Amino acid sequence: MSEPLLRVENLSKAFGKVVTANGLNFELKAGELTSIIGPNGAGKSTLINVLSGSLSADGGRIFFEGQDITQLPIHRRVQRGLCRSFQVVNVFPHLSVFQNVEIPVLAVARRAHHFFRPVGGEAEVADMVRAVLERVGLAGQAQTPASALSHGDQRLLEVGIALAARPKLLFLDEPTAGMNPVERVDILQNIRRLSASGETTFVIVEHDMDVVFSLSDRVMVLHRGGLICDGPPDHVKGDGQVRECYLGEEVR
Amino acid sequence: LGAGVLKPTGLWAAPAKVKGPVKIGYQAIMSGTLAGYGEFHKMGVDMAVDEINKKGGIAGAKVVVEYRDSTLKAPEAIKNARYFVDSWGADFLGGVDSSGQALALAPVMKQLGKPIIITHAATEKLNEIEVFQKGIKEVFRISSPTYQDGNAAAFVAKDLPAMKWATISPKYEYGYTCWSMFKNTLAKLKPGVQFVAESWAPFGTTDFRAHINTILDAKPDGLYSVEWAGELISMMKQAGQAGLFNKIKHVMLPVGAAMDVLEGLGKEMPDNIWISGRYFFQYPKDKRNTAWVASFVKRWKHYPAYVSETGYSSIYAFKQAVEAAGSKDAKKVIAALEGMKMQSPAGERVFRKQDHQAVYTVPWGLTAADPKYPFKVMGKMVVIPAQDFFNRPPFKGPESMPPFKK
Amino acid sequence: MLESFVHVCLAGLSKGMFIWLVASGLTLIFGVLGVLNFAHGSFYMLGAYFCFSLLSHLGHNFWLGLILGPLFVCLVGYVVERYFLRYVYHIDLPYQLLLTFAFVLIFDDLVKVVWGAGSIGSPSVAGLSGSVRILGRLFPSYSLFIILVGPLVALGLWGLLEKTWAGRIIRAASSDREMASALGVRVPALFTAVFVFGTWLGAVGGGLAVPYVGLLTPGMGESIIIDAFVVAVIGGLGSLKGAFLGALIIGLLSSFGTRFLPTFDMFLTFILMAIVLLWRPQGFFGEEAAR
Amino acid sequence: MSRAGVYLIYGLAALALVAIGLFAGRFVLYLTMRVMLLAIFALGYNLLLGRTGLLSFGHGALYAAGAYGLGLFNLHVSHDPLLGLLVGVAFAALIALIIGFFCVRQTEIYFAMLTLAFGMMFFSLIWNLREVTGGDDGLIGISRAPLLGLPIGRDYQFYFLVLACFALAVWVIHRIRGSAFGLVLAGIRENHQRTSFAGIPVKNYRLAAFVVSGAFAGLAGSLATLLESNANPFSAHWSHSAEPVLVSLMGGLQTFSGPLVGSVIFVVLREVIERFTENWMLWFGVILLAIIMGLRGGVMGGLEKRLGRARAARPGGAS
Amino acid sequence: MLLELNQVNTFYGTSHVLQDVSLQVEGAEVVALLGRNGVGKTTSLRSIMGLTPPASGSIRFHEEEIAPLPPYAKAKLGLAYMPDDLRIFPDLTCEENLEIAARLARRQGYWNKQRVMELFPVLEERRRQKGLNMSGGEKKMLSLGRALMSNPSLVLLDEPSEGLAPLIVKALVEAINTIREHGVTILLADQNLKFCRRVCDRGYIIEKGRIMHSGNMEEIWADEAVVKKYLAL
Ligand SMILES: Nc1ncnc2c1ncn2[C@@H]1O[C@H](COP(=O)(O)OP(=O)(O)OP(=O)(O)O)[C@@H](O)[C@H]1O
Ligand SMILES: Nc1ncnc2c1ncn2[C@@H]1O[C@H](COP(=O)(O)OP(=O)(O)OP(=O)(O)O)[C@@H](O)[C@H]1O
Ligand SMILES: [Mg+2]
Ligand SMILES: [Mg+2]
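Protein chains in written order, with this note's numbering: chain A, 1 to 252; chain B, 1 to 406; chain C, 1 to 291; chain D, 1 to 319; chain E, 1 to 233.
Isolated chain A, as found in the complex:
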């Protein structure tokens, strides 16, 4: 069996008495679109924070492509291909859409340290940026400052920035928060497509169950820091415990 993309061993994290990760063990396979769901406060964001390096783990180890990355700083993880987006919009507000995407592209292309050559002269980089903008559908607004985008477009940009780093594994924390249902389906279809292209493996956190169940290959359910259910959507949908503590009697 080939090495999984990400392997987590005994991961734990607590804030005082609040346990947000309680000895988690799981693996993520390349190309598998995984959703993480769970009640509010279950520890989903915290898990992403720990895996992506925003927070340090209290215990346990994280392996990415077989290598231990538990202690690596954020940018190293990103350079290896592990990236994330944020639950709240988190872009460069005063930079243009183009520049927003240009920064991660420069980093990937290892051009970020060129301090004397005009950035406009990096033709290759510009092409890559345009490609990303095409993919998320923001090509028409390349010169708009990010702060002037509508909320939905900012979310798209958010995903675009994350994609621009060419991650192998990308965590999306509620990528559709605050979007209207149509845009929501749109962007998730988009993700589905990108996932299918195989370049990037997506892990998303979502509260819209219609979307989660129709889209994902695999669903993981977190509750009080523990993994209470893990499997294909249908399996999870039918799980009693999940119904009780998360879904409620009927799927809305």
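It should be emphasised that the hints constitute simulated quantities derived from the structure, not laboratory data. Since this is a predicted model, take the numbers as computed values, not measurements. Hints should not be assumed to be uniformly reliable.
[As the list claims (entries may be wrong)] Subject to a maximum C-alpha distance of 20 Å in a straight line, what follows is the list of computed SDA-like cross-link-like pairs (lysine to any residue):
(1) A:K237 <-> E:K170
(2) B:K247 <-> C:S4
(3) D:K203 <-> A:V185
(4) C:K163 <-> E:T93
(5) E:K170 <-> A:R76
(6) E:K228 <-> A:V185
(7) B:K267 <-> B:H250
(8) B:K110 <-> D:A145
(9) C:K241 <-> E:T93
(10) E:K130 <-> C:A189
(11) E:K130 <-> C:L161
(12) E:K229 <-> A:R76
(13) B:K267 <-> C:E3
(14) E:K130 <-> C:S4
(15) B:K219 <-> C:E3
(16) E:K76 <-> C:A189
(17) B:K158 <-> B:I334
(18) B:K164 <-> B:Q282
(19) A:K17 <-> E:P121
(20) B:K110 <-> D:R175
(21) B:K164 <-> B:Y176
(22) B:K372 <-> B:Q282
Given chain A, work out where chains B, C, D and E with the ligands should sit, using these hints.
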């Protein structure tokens, strides 16, 4: 006043008239905690200018003075000097409180080619190195240098029954230099003295309690301190509260006779403290000084501070030099200033030819109350002739330093 | 030896408490308004000058001067906040610094113009002008008084902010002005009030400084403001508890430094500041911020 | 304003500077040099403050590092001004590297206070190591030997060295701002968390920005030392670091020309005020107030707003 | 009429975000503002609350003109607001966040700390936790609870259902019903049509800053053309 009446006739008769106003650019500290010094400078200078202009100016030409705030920072001093000479068209410059500024100005004055008379900054390096060694002719100093604070103090101290000395002094060159001069000279004058403690207070210290403790721990017989201005006031008050003057009987303050200090401390200045300065209004007790002090008090409702006197006399020094040279040409005036002897409220001054340092005598005295004044003045006075304790050219080796063989 | 040690401690304590008195207002204003107020030193200076000039009109009653003098400074603080600072809260932090710095320049020179450039020796305080003998050495009663006042002020402020509703409202408004106003807080008025209160603390510090330092000079605020900054910083900016502890540490450190390591006393202070900032930037009492 | 218009203005300014060097009187020459030195200092500084969003109170120390670096080299090793400048700049960069290494761990006000602390340690070293640094008297007697055979002793000669350095600094900083590195710095200012999730080692970039801006502070410091023929300890004091802040803010933080215009205003304004009154601080303060209250965003920022330029659309422009 | 907006116009800088918005809310009603992203729902609520004051138009509350009043005065009159970004005071504990609202409004009524905690039991558990460290969903509940603590006669809720787990959304539906039972009127902005249908009586549809349509919630739900035109595509 008699001299004043006689002078104009001589003036109209002898020297050739100098063209245009004589412009003097004067800089001193006029902002921040030491701004009071700037005020005192100006009182003296304004008085001299008004007097001179009333009596027909310098060789017939009006004197004009422009002031600038020196801020104690070297680049500002340089900018001011350049402004005075290159933009305003000053013939001569005066002022400067900080040693660092005076040293930084020396090469600039050489470049600008105009004479300056320093009226406060005390570093001996100015005359010994910049003027004597490097030959910068443009710099003169009318106020007494660190010799007064270090060497002269030692001459006074040698007659006191104190064998163990300590210091609280400013944590910068001035403090270090004075203390080491004091130590060196006193050790030569009085073998066997000990120097038991030193405590250095950074610029702007307001709380001397820790320093005072350091001194009390060492149990010296004498305390020597070249703290000055507001810091000296704070130190004296806090020392009094800590009972220092009960335990240490001999206290020497080389710049304690500054008016801001005496007025600031008022009755809180203890009796029997040794004080001195660059000038003290009670000395010399001659007619010229008495009249000057009276007119100063009348005009400003203040007794003249030492910088008032040095500022005042610096203007007269230029006047005398211009009149002697018959021109305000820098080279000629410099030549006239070199070795020039002048009468001033502080007594007779001679600008030594080699190092351009004015040699004159300032008294040391013991503080005492006097009903005539709302502050302490000098009771017993000791006068050590300046020639006995000023370092001498060539400023190298022990022969240049006091005590000198007769 | 013991005598010396105790007196070095006492000197450190009084210095620390004295800095604390000034730093408290600075910390409060930073904590609530988020403004690093350079002009705080000026308020301190103005407090000293107003107290001093009232003295001669109040029959040299220091206490009356101490009560009335700072009120004038509050008026100044009010004008500064209401007509100037209020308009720059929303722009870059450096502009706020710059604005308060402009006031430093203005007040320093104004004091010079109004009260004269020279330093003024202060009168002593009836009842506290003497000294008490502690272990054979005299210690000024006034310094003892300062050592007592410091903790009292600290206690009062702590109670005010932690234990009263006014305090909680202030903390809420300081973290989110808009939301507080939506809940019914008159935020601009509250901020003015806090600023004026902080000003008052600084001015009282100035009033208390007159007999402590022994003199008044234009620009006297500059030397204290840096100490106050250091204290506010190592305590964790905005934390009053931290500032209090910071003041104690700086006071003692500088006192012992002066006594035992005289060459490097300034160096010591700043190295301590750097270590604290690197090790616990949120100050002694700050919590670890996770996100 | 069109691009050509901007180039025209820069061209005219350059011409004016050359003309000053050729025809102006000694004081104007001197003041212009002071303006250019301050501008080099502020331009470099603004790379940190305006671009990266880091407020430093330790740049005085870096300026002083340049000054003392050149000064000590000049007094003890060689009078060669070019080597001296190199040594000064290198020394400043080295100190910036050391100070920066610690300081970039924190941001915002904590960074400001850390730089203040390290800067003041450096100040205290200069003040106390009297044997080396001359204590508060500073280093004196620094001479201006010919540069590659060209004399620079006279002001009108030295002026052109300063002008050359100034032009070089303007050009280099302009290039840096427009480079990938410059864009990343702007990204760090806007959102450092996001920048690290773009795969960029934020601390290293902050450090690099600190060192580069420190090198320019050092250049300004060494040139100033040659100009005034002395180095003084107050230049390391934190309050001296406030000068480029003042200049950048007066001119406008987010604009390239801000620090340039700010330097001119700072020096000239002060000079003008001092011709009228000794209470220059008072009037300087009042005018500062007016600038802050009237033209939030500094003179250039304010002007741009007035001219109705869509600032938001500019790279790195801020509201 | 509890709340009445008439010809309200609001700008952000030069961009004209609300254009002649008029709407009415009766007492004890739950009314929804619907519309796509960026059409001005949040801005409408902020304008009512006075956080982005309208440039022109009238806002009447209890038959009184309140448009020129600052937010704090409106809070005292009985308006409460739950922003979309929640705005929990990070330094205060969960409990203090609740108490402070009651304290500031000084209005008596049904809601108090205990009742709010009964409504959202998680808050009881997190009682002493600092606002800063609560999860997104916890904050939402706290923010809503805080709005209730002032016993308002009208609460403005911005995106109440967003980011909540399905179970909690269900609880929220019940909570909103409880809230209205106790005489509190609600004006909410939400994207989730299903949710709105279950809690709201009427709805207004906004498009590019203008009210384009209004009606009974069931009617809107049923009117496919409208949904398609303004809410979907
Ligand atoms: N820094 C912190 N200190 C203390 N507790 C924290 C901290 N960060 C998070 N928590 C707590 O940890 C728990 C998990 O938070 P997390 O943000 O991971 O939840 P979540 O699953 O993302 O929830 P949601 O769906 O509401 O966003 C919450 O109860 C929260 O209060
Ligand atoms: N602070 C601001 N400055 C400038 N424009 C703004 C600002 N806030 C919002 N806007 C603009 O005003 C318009 C209306 O925004 P608003 O937040 O009211 O929309 P919304 O309907 O609540 O959308 P969403 O569903 O995304 O929350 C948007 O086009 C937005 O870009
Ligand atoms: Mg979350
Ligand atoms: Mg909204």
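Outcome of the hint check:
Of the supplied pair hints, the one linking K237 of chain A and K170 of chain E holds, its CA atoms being roughly 17 Å apart against a limit of 20 Å. At roughly 15 Å between alpha-carbon atoms, K247 of chain B and S4 of chain C fall within 20 Å of each other, so this suggested pair holds. For the hint pairing K203 of chain D with V185 of chain A, the CA-to-CA distance comes to about 38 Å; that exceeds 20 Å, so the pair is violated. As the CA atoms of K163 of chain C and T93 of chain E are separated by approximately 13 Å, the hinted pair is consistent with the 20 Å bound.
A C-alpha spacing of about 42 Å is found between K170 of chain E and R76 of chain A, which places the hinted pair above 20 Å, so the restraint is violated. Taking the CA atoms of K228 of chain E and V185 of chain A, the gap is about 15 Å. The hint holds against a cut of 20 Å. Taking the CA atoms of K267 of chain B and H250 of chain B, the gap is about 19 Å. The hint holds against a cut of 20 Å. In summary, the hint linking K110 of chain B to A145 of chain D is supported, as the alpha carbons are separated by about 17 Å, within the 20 Å threshold.
Between K241 of chain C and T93 of chain E, the direct Cα distance comes to roughly 19 Å. Compliance with the 20 Å bound is thereby established for this hinted pair. The suggested pairing of K130 of chain E with A189 of chain C is violated, with an alpha-carbon distance near 26 Å, which exceeds 20 Å. The suggested pairing of K130 of chain E with L161 of chain C holds, with an alpha-carbon distance near 16 Å, which does not exceed 20 Å. Proximity of K229 of chain E to R76 of chain A is assessed by CA-CA distance (about 46 Å); at most 20 Å being required, the pair is judged violated.
The hinted pair formed by K267 of chain B and E3 of chain C fails the criterion: a straight-line CA distance of about 30 Å is larger than 20 Å. For the proposed pair K130 of chain E and S4 of chain C, the alpha carbon gap of about 47 Å is over 20 Å, so the pair is violated. A distance of roughly 13 Å separates the Cα atoms of K219 of chain B and E3 of chain C; the hinted pair therefore holds under the 20 Å criterion. Restraint check: the Cα-Cα separation between K76 of chain E and A189 of chain C comes to about 16 Å, which is no more than 20 Å; the hinted pair holds.
For the hint linking K158 of chain B to I334 of chain B, the alpha-carbon distance of about 38 Å lies beyond 20 Å, and the restraint is violated. Simply put, K164 of chain B and Q282 of chain B have alpha-carbon atoms about 31 Å apart, too far for the 20 Å limit, and the pair is violated. Restraint check for K17 of chain A and P121 of chain E: the C-alpha separation of about 18 Å stays at or below 20 Å, so the hint holds. Only pairs whose Cα atoms come within 20 Å are accepted, and K110 of chain B paired with R175 of chain D is rejected, the gap being roughly 41 Å.
At most 20 Å may separate the alpha-carbon atoms for a hinted pair to count; K164 of chain B and Y176 of chain B meet this at roughly 18 Å. Between K372 of chain B and Q282 of chain B the CA atoms are separated by roughly 12 Å; this keeps the pair inside 20 Å, and the hint holds.
Hints 3, 5, 10, 12, 13, 14, 17, 18 and 20 from the earlier list are contradicted by this structure; the remaining hints agree with it.
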